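Start from chain B and add chains D, F, P, V and U according to the hints.
Protein chains: 6
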Amino acid sequence: MNDDYTSTGIAGADKILGEKGIPRGHSILVAGGPGSGKTTFAIQFLYRGAAEYNEPGIYISLDEDPEDVKKNMSKFGWDLSKLEQEKKLAFINVSPVRVTSSEKAGLIQLGMKEFKLIKLLEAIREGIEEVRARRVVIDPITIFTLQYPDEVERIYAMRDLIADFRKTGCTNLLISELRGTGLDREHQFEEYLAQGVILLRTVVKDDRLTRIFQVEKMRGLEVDNQPRPYNITSNGIEVYPTLTVFK
Amino acid sequence: MNDDYTSTGIAGADKILGEKGIPRGHSILVAGGPGSGKTTFAIQFLYRGAAEYNEPGIYISLDEDPEDVKKNMSKFGWDLSKLEQEKKLAFINVSPVRVTSSEKAGLIQLGMKEFKLIKLLEAIREGIEEVRARRVVIDPITIFTLQYPDEVERIYAMRDLIADFRKTGCTNLLISELRGTGLDREHQFEEYLAQGVILLRTVVKDDRLTRIFQVEKMRGLEVDNQPRPYNITSNGIEVYPTLTVFK
Amino acid sequence: MNDDYTSTGIAGADKILGEKGIPRGHSILVAGGPGSGKTTFAIQFLYRGAAEYNEPGIYISLDEDPEDVKKNMSKFGWDLSKLEQEKKLAFINVSPVRVTSSEKAGLIQLGMKEFKLIKLLEAIREGIEEVRARRVVIDPITIFTLQYPDEVERIYAMRDLIADFRKTGCTNLLISELRGTGLDREHQFEEYLAQGVILLRTVVKDDRLTRIFQVEKMRGLEVDNQPRPYNITSNGIEVYPTLTVFK
Amino acid sequence: MNDDYTSTGIAGADKILGEKGIPRGHSILVAGGPGSGKTTFAIQFLYRGAAEYNEPGIYISLDEDPEDVKKNMSKFGWDLSKLEQEKKLAFINVSPVRVTSSEKAGLIQLGMKEFKLIKLLEAIREGIEEVRARRVVIDPITIFTLQYPDEVERIYAMRDLIADFRKTGCTNLLISELRGTGLDREHQFEEYLAQGVILLRTVVKDDRLTRIFQVEKMRGLEVDNQPRPYNITSNGIEVYPTLTVFK
Amino acid sequence: MNDDYTSTGIAGADKILGEKGIPRGHSILVAGGPGSGKTTFAIQFLYRGAAEYNEPGIYISLDEDPEDVKKNMSKFGWDLSKLEQEKKLAFINVSPVRVTSSEKAGLIQLGMKEFKLIKLLEAIREGIEEVRARRVVIDPITIFTLQYPDEVERIYAMRDLIADFRKTGCTNLLISELRGTGLDREHQFEEYLAQGVILLRTVVKDDRLTRIFQVEKMRGLEVDNQPRPYNITSNGIEVYPTLTVFK
Amino acid sequence: MNDDYTSTGIAGADKILGEKGIPRGHSILVAGGPGSGKTTFAIQFLYRGAAEYNEPGIYISLDEDPEDVKKNMSKFGWDLSKLEQEKKLAFINVSPVRVTSSEKAGLIQLGMKEFKLIKLLEAIREGIEEVRARRVVIDPITIFTLQYPDEVERIYAMRDLIADFRKTGCTNLLISELRGTGLDREHQFEEYLAQGVILLRTVVKDDRLTRIFQVEKMRGLEVDNQPRPYNITSNGIEVYPTLTVFK
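Chains B, D, F, P, V and U, in that order, give the protein sequences. For the first sequence, counting from 1, position 2 maps to 2 in our numbering; every step adds exactly one. Add 1000 to the 1-based position in the second sequence for our numbering, that's all there is to it. Add 2000 to the 1-based position in the third sequence for our numbering, that's all there is to it. Add 3000 to the 1-based position in the fourth sequence for our numbering, that's all there is to it. Add 4000 to the 1-based position in the fifth sequence for our numbering, that's all there is to it. Add 5000 to the 1-based position in the sixth sequence for our numbering, that's all there is to it.
Isolated chain B, as found in the complex:
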């Protein structure tokens, strides 16, 4: 594993990535359906980075309360709080402003208009400084892109975000929600902008639903683009790079 690449921390995934991992500083789109383990993938990437590769990281939540995320991840036996105290991990909540319930209805719209690229960029910058981060996760990016109704604006906002990450040098995962399913789904524009795309999907095989991991794209790297089975085990996500799987 030379210096231009960094391990995913996902068992079996690096093997699929040409034994190398992810090119440092790249923005990788991790897209999957509900329950596909997107957040588990993200936290595992940050945890192993901080615990094993001395790469501090930040988790930027646009949806769930980071405290809940940590609680949900406790079952994997990753001591996230310890790493947080050691300033090797930071959990940042940039989801829209919270207000007391009674005022909510009115403020929802306001909160929406306020939250834009700049707020996210500041959170990223502060987070990176705080722990000298080498890894960043935004979970999910979907809520961010949805705020640009015009497709071109959306593409530009996404491009600028990725360009900024490039400057920071941080390897980052952009967690994305798949709407369409099946192999004939339409491609989403983010798949073209990100430097790498990893898909977490489910197919029917031998009368069972099987989870498949696929590296659809990884710029600057020769990868195995065949879908491979994966599971969510008590140790986190495990990919089986030598097994074949197809509906």
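Rather than coming from a laboratory, the hints here were simulated on the basis of the structure. Note that the coordinates shown come from a computational prediction; the quantities given were computed from them, not determined experimentally. Yeah, the Cβ is synthetic: ideal placement off N, Cα and C, and Gly gets one too. Treat each hint with caution, since some may be false.
To list a few chain D residues with every Cβ distance to chain B over 12 Å, as calculated [what the hints assert, rightly or not]:
#1 N1054
#2 P1066
#3 G1077
Pairs of lysine-lysine residues, derived as BS3-like cross-links and limited to a Cα-Cα distance of at most 30 Å, are as follows [to be verified]:
#4 K4015/V <-> K3205/P
#5 K4071/V <-> K5167/U
#6 K1205/D <-> K205/B
#7 K5119/U <-> K167/B
#8 K2020/F <-> K1205/D
Then chains D, F, P, V and U, alone, in the frame of chain B:
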């Protein structure tokens, strides 16, 4: 069954949920088509909670008159009125304002504009206080979300609702109507926001329609995500966690 | 057949409805494609109700002229006029205002804006008083719902209509036009609001088109939800509750 | 063939229509794709009516120049001009106003706004008086309905048109263009409004395209609703009511 | 080949057209996907007309520069320039106004608003006079129809264009771009307006892509409507009227 | 390889292009999904042109930073920097204006409105002069076309761009992002405007994903339009022109 989880009260379902049940305080989306037994599932969850686990509950109706719901459920031999008198169950109707027929046409629009998040939140708060609820059901959530034509607003409203439930500590079911059918349907945004997603669907198997129960997602829990057959019996919904089923 | 239920009057259908029939006072959506026999089903329900179960009924037409409906039904040998004279049946035309052709073009729009829930509700009330109706049919409900372009308004109008029927205690059929075909069609919102849903469809089986009758939903009742073949015979609609049928 | 019905004039079609033909005064939608023989079907219906059943008819064109229609039909050896001179047939062109090319661009929009229900109704009335018509064809109805962008307006205009035809007592064919193909196409609203629906489609059978004729609907009549093969021969359209055909 | 018809000039195609060819003066829609040989078909039709049947023709380009078209066609060994000098062929460019690049951005919109039916009609008229044309090709018609956003306007513009061609007596091909693919594509409105429709498509047969030629429609003519294989050879397009082909 | 054509530089591709390559001066659309190797194809075309055929080229980036592109391509052992210094290659970034993050949010919209055809045309002209380019690549063209919301404007802008390239005499590749997948996808309008179309797709064959290269269209050239397998090897893209492949 430790203290972090609570039983669904659905025969066979807890086994699929890692023998544990639903994480306390989580918002679970229960999505199904017409006649799939969504309301039966919801009432069974509340009834068993109140009758067997000493967890009072409230049923918040956004559509059907609670009196009708109780009548329809009578066939299962659940004594809901008794539990209601014992203040272990409450049935709350927050469906849009009713007026005398002759005035309706005009007021429909008004009723619509009026009904928003805040009204629902107050109903929930009062209901929880009234019976010291540990369980809440909103049936169906669809009518609530439909009122936000803008997708981002809709997502925010749903997120705020779920965040509020989190604060109450009540385990809650959000009953949702599936529009698309088949395994290749598009995912609905609620599936990403809820902490758990249970699907009640119908597939063709061996020349018959078969009902399938599937835990698509359950944060913080290792679950069996394979679809399993279920039936609506004289005792309510019964899931068969060891049988396999596929079209 | 106890007092809480009433016979459909359709040969074979009651057997599918748990030997009981339709819960009294419920609104049942009868949805089918062109030529599926929706109106035959509706008139047969009213005729048998009036002739055999002493349950007077009213047929509310939103499209075809009731005189034509009666003429088309004559082939089944049901003496509708006699029951009409005996005040056991009433045929009411609430289709939009008619004007002389020469003025039409202009008035179409006006007619549209005029016709709303209230007019329909008054027609129902008068009709019920006139024959002391226990059964009501609206054929088709589609033209009514189409008039609410906003989906939420449409849902509310439908809910109010069903709530009003509930008060009258009349068992009623809402005849609905299926747009999509095939088993993977999208569900229509009416299917969620109605207390029961009966589908009349056509599938290809053994190189022939076969008509299938399916009770998709029936609140408060245990039913056979398998599709069953049916025919339009010289005696009206006949369902074969013991035969299986699938494409 | 009793007096309530009239022959289609299409070889084999009456057999499918319960040996009876079309109920007099009904509006029949004849829907097919390009090249399916819709216009041939329409002219054959009018020609045989005038030549063999002493039922004069009028052909109302909303698209092609009637002179061209007559020319195209000449290959079938039907002497349309003779019947025209005998006042047993009339060909009426109600397509939008023609102007000299140089002015066209500007007038297209105007022509569009002008042409509405009333103009069509007057043309029908005059045509009926001119030849004492018992049969009417509108070819195609599509251009008429397209002019009502609002779906409800469109439905009302179509309903009024059919109601007017009812008053004239003329049996009439409304020629309609199928957009979708395949057996799973969406139903078009006209299929619900017309009293009868005949489909002219094409399916793949035994590695060939085969033309299929299907009576989807015929109010007041027991019909064979199975699809049957048909051809366009030198004598016009021929349906084979005893052959089965399916993809 | 009698005087009412004219040869397509495409080897094998006339045989499919009842040994007759295309009815003189008709507008034929030639629709195909990218690379299907639409333009080759059009030029071959004009070339053979001018060279073998003494029918001068004009090629009206709405997209590609006629010079490029001629260059691309040179591989077929058709001496188009010679026929051009002999005033037997004319190549007319009516694509939107060209301006120097630096001004383009601004003028694009303007060019669009300017270009309408009338301009096309004048080009046709002048072209016809110039070479006493008997044949006309518009390639592609798509760019023309796209300019009418309203569907009814689009239909009227197309009808007027076809009506004008009718007056000129010129047999003409309207080259159209197929968007949808497969046998279940939606029909395009032009297919109903044109007097003939020829489809150039591609299907998978025996693990290869095969080009298929199909006469979907040809008014006034009995044709073979089965799809037949075709190739683009060094002599132009060749259709094989006796071979069958199907996926 | 005569003077009217130029090699693609892609092993095996010229053989599919009639042993000739691409007609000089043509605009070729290269369309593929994420990770299909579109950019590799583009750079390989430029590299071989400059290194082996003495045809300098320019790479115009509308998305990724050219420095990143060069870095990603380094794995193929193409010495791009050397050619750059020798003025045989130029890498130009015309992606929307960059500004400091803090100002971004506001400027995105502005940047969008600014960037239009003219800016792209100037970049092309300067680039061509700088290296006396014979080859040009725009990667991706998608971002350019997306900026014209009106379909007709989009078509015109694309036509003008291609017409300008024609004048420069430069052979050029327009890299395009495929949204739809599968063989039944809708055709994109660019496929009709470009003089050649090459598709890079993925199909399932023998339980594996297989990459397929297909020349859908190449004006003025007889090509093999069958899909052929290709791989991304350590030498770049390799096409296997004699192997067949199909799902």
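Going down the list of hints, with the structure as the test:
Every Cβ of chain B is farther than 12 Å from the Cβ of N1054/D; the closest lies at roughly 24 Å, confirming the non-interface assignment. With a cut of 12 Å on Cβ distances, P1066/D stays outside the contact zone with chain B, its closest approach being about 24 Å. The Cβ of G1077/D lies farther than 12 Å from every Cβ of chain B, with a closest approach of about 34 Å, so its non-interface assignment holds. Of the supplied pair hints, the one linking K4015/V and K3205/P holds, its CA atoms being roughly 23 Å apart against a limit of 30 Å.
A hinted pair counts as satisfied when its Cα atoms are at most 30 Å apart, and K4071/V with K5167/U qualifies at roughly 15 Å. Proposed proximity of K1205/D and K205/B is supported: the alpha carbons are some 16 Å apart, at most 30 Å. Taken as a hint, the K5119/U and K167/B pair is honoured in the structure, with Cα atoms around 26 Å apart against an allowance of 30 Å. About 28 Å separates the Cα atoms of K2020/F and K1205/D, which keeps this hinted pair within 30 Å; it holds.
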